[in-house]
Amino acid sequence: MDLSHVLSIPNSLPGLDEADRRLLAAIQNGLPLVSRPFAEIGASMGLSEAEVMARLQQLQARGVIRRFGVVVRHHEVGYGANAMVVWDVPDEQVRELGHCLAGFDFITLCYRRPRHLPQWRFNLYCMIHGKTREDVLSNLEWMVNRCGLQGLTHEVLFSRRRFKQRGAAYFAEPPTAVAVRES
Amino acid sequence: MDALDRAIINNLQGGFPVCDEPYRAVAGQLGTTEEELLRRLDALLESGTLSRFGPMYHAERLGGGLTLAAMQIPHDDFERVAELVNAFPEVAHNYAREHVLNMWFVLATETPERIDQVIAAIERDTGYKVHNMPKQEEFFVGLRFEA
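From first to last, the protein sequence lines are chains A and B. Anchor point for the first sequence: position 127 equals 127 in the working numbering, and the numbering is continuous, going up by one each time. Heads up, the working numbering is the position in the second sequence plus 1000, with the first residue counted as 1.
Hints are not guaranteed to be accurate.
[As the list claims (entries may be wrong)] Under the rule of at most 25 Å between Cα atoms (straight-line distance), these lysine to any residue pairs were calculated in the SDA-like manner:
1. Lys131/A to Arg1097/B
2. Lys131/A to Asn1011/B
3. Lys1135/B to Val94/A
4. Lys1135/B to Gln60/A
5. Lys1129/B to Lys131/A
6. Lys1135/B to Arg112/A
7. Lys1135/B to Gly63/A
8. Lys131/A to His1093/B
9. Lys1135/B to Phe158/A
10. Lys1135/B to Arg73/A
11. Lys131/A to Arg1006/B
12. Lys131/A to Glu141/A
13. Lys1129/B to Arg1061/B
14. Lys1129/B to Arg161/A
15. Lys1135/B to Ser35/A
16. Lys1135/B to Gln119/A
17. Lys1135/B to Arg22/A
18. Lys1135/B to Met143/A
19. Lys1135/B to Ile41/A
20. Lys1135/B to Glu134/A
21. Lys1129/B to Arg162/A
22. Lys1129/B to Phe163/A
23. Lys1135/B to Asn1102/B
24. Lys1135/B to Gly1048/B
25. Lys1135/B to Ala39/A
Just so you know, these hints were derived from the structure itself, not from any lab. Predicted model only: the values in this text are computed from it and were never measured.
With the hints as constraints, model all of the structure from the sequences given.
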């Protein structure tokens, strides 16, 4: 999930200097679509193209920037169904099963999260995206068989509706929310 | 969307080079020109197929807080509560899901401490309990879609 547009860039960050902070803020909404984007970013903040690139490479190496790239609206490229599948896994097996689930190409996120007993017994979460609900369910069945999950309690939470939020907190734009119905 | 659009989407989800003429480098790999790649990216952003083209930040390494939270909202009250929850700028994504816990949203805050404050504020404004489900271990984050 892409959260860059809602994250605030804090005023002080351990190991990051003022120029790094301004650079992260300058690119949070996207890279310019010009021949030399890093030169343009640098020009807007008084840095050379080479310095911008060196800092960005450093921020990537440290994992502050996971990667650069496009963020796809999955609905718009034909992935109309998504389900959060939650599993009740014995604590000592979570890691092994988490890695097994994470190995499928239709799994987009996989996390361990706390149980909230007695109401919520699930501790392993994954997201499955598919073109249709049938796709999602057949992928789930395949995964259950491949990872040996037959005996484990799980639930499939299809999304009924997506609320989308726009607006970058850093620039203090007023947030707006629109709801998009999903099939 | 034609084959070149799909190739651009599939290729650029995996990364983007940091070099002085990155679009030219990517265009070369895709067998097109820099000018055509820029034109296509602009059109894909304009049409809403792509929501953004830029960096993906690591919330925790930026010093921020990030969590998943869930609420159980009666059907009749869902719209009202959704509006209240969505009004918080810290609420990034909010999904209605089919379960007793039927509202699921992501909170992204400037500091980890702020998560608890926002949760308390949501509980106060809505009158419903918020279940905090923070990540304990990450096995995979690779949100990618084959176009």
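Verification of the hints:
{"no.": "1", "hint": "Lys131/A to Arg1097/B", "verdict": "holds (18 Å)"}
{"no.": "2", "hint": "Lys131/A to Asn1011/B", "verdict": "holds (20 Å)"}
{"no.": "3", "hint": "Lys1135/B to Val94/A", "verdict": "holds (13 Å)"}
{"no.": "4", "hint": "Lys1135/B to Gln60/A", "verdict": "holds (22 Å)"}
{"no.": "5", "hint": "Lys1129/B to Lys131/A", "verdict": "violated (34 Å)"}
{"no.": "6", "hint": "Lys1135/B to Arg112/A", "verdict": "holds (6 Å)"}
{"no.": "7", "hint": "Lys1135/B to Gly63/A", "verdict": "holds (18 Å)"}
{"no.": "8", "hint": "Lys131/A to His1093/B", "verdict": "holds (20 Å)"}
{"no.": "9", "hint": "Lys1135/B to Phe158/A", "verdict": "holds (20 Å)"}
{"no.": "10", "hint": "Lys1135/B to Arg73/A", "verdict": "holds (24 Å)"}
{"no.": "11", "hint": "Lys131/A to Arg1006/B", "verdict": "holds (16 Å)"}
{"no.": "12", "hint": "Lys131/A to Glu141/A", "verdict": "holds (16 Å)"}
{"no.": "13", "hint": "Lys1129/B to Arg1061/B", "verdict": "violated (29 Å)"}
{"no.": "14", "hint": "Lys1129/B to Arg161/A", "verdict": "holds (21 Å)"}
{"no.": "15", "hint": "Lys1135/B to Ser35/A", "verdict": "violated (39 Å)"}
{"no.": "16", "hint": "Lys1135/B to Gln119/A", "verdict": "holds (18 Å)"}
{"no.": "17", "hint": "Lys1135/B to Arg22/A", "verdict": "violated (28 Å)"}
{"no.": "18", "hint": "Lys1135/B to Met143/A", "verdict": "holds (22 Å)"}
{"no.": "19", "hint": "Lys1135/B to Ile41/A", "verdict": "violated (34 Å)"}
{"no.": "20", "hint": "Lys1135/B to Glu134/A", "verdict": "violated (28 Å)"}
{"no.": "21", "hint": "Lys1129/B to Arg162/A", "verdict": "holds (21 Å)"}
{"no.": "22", "hint": "Lys1129/B to Phe163/A", "verdict": "holds (20 Å)"}
{"no.": "23", "hint": "Lys1135/B to Asn1102/B", "verdict": "holds (19 Å)"}
{"no.": "24", "hint": "Lys1135/B to Gly1048/B", "verdict": "violated (30 Å)"}
{"no.": "25", "hint": "Lys1135/B to Ala39/A", "verdict": "violated (38 Å)"}
In the structure shown, a violation is registered for the earlier hints numbered 5, 13, 15, 17, 19, 20, 24 and 25, in ascending order.
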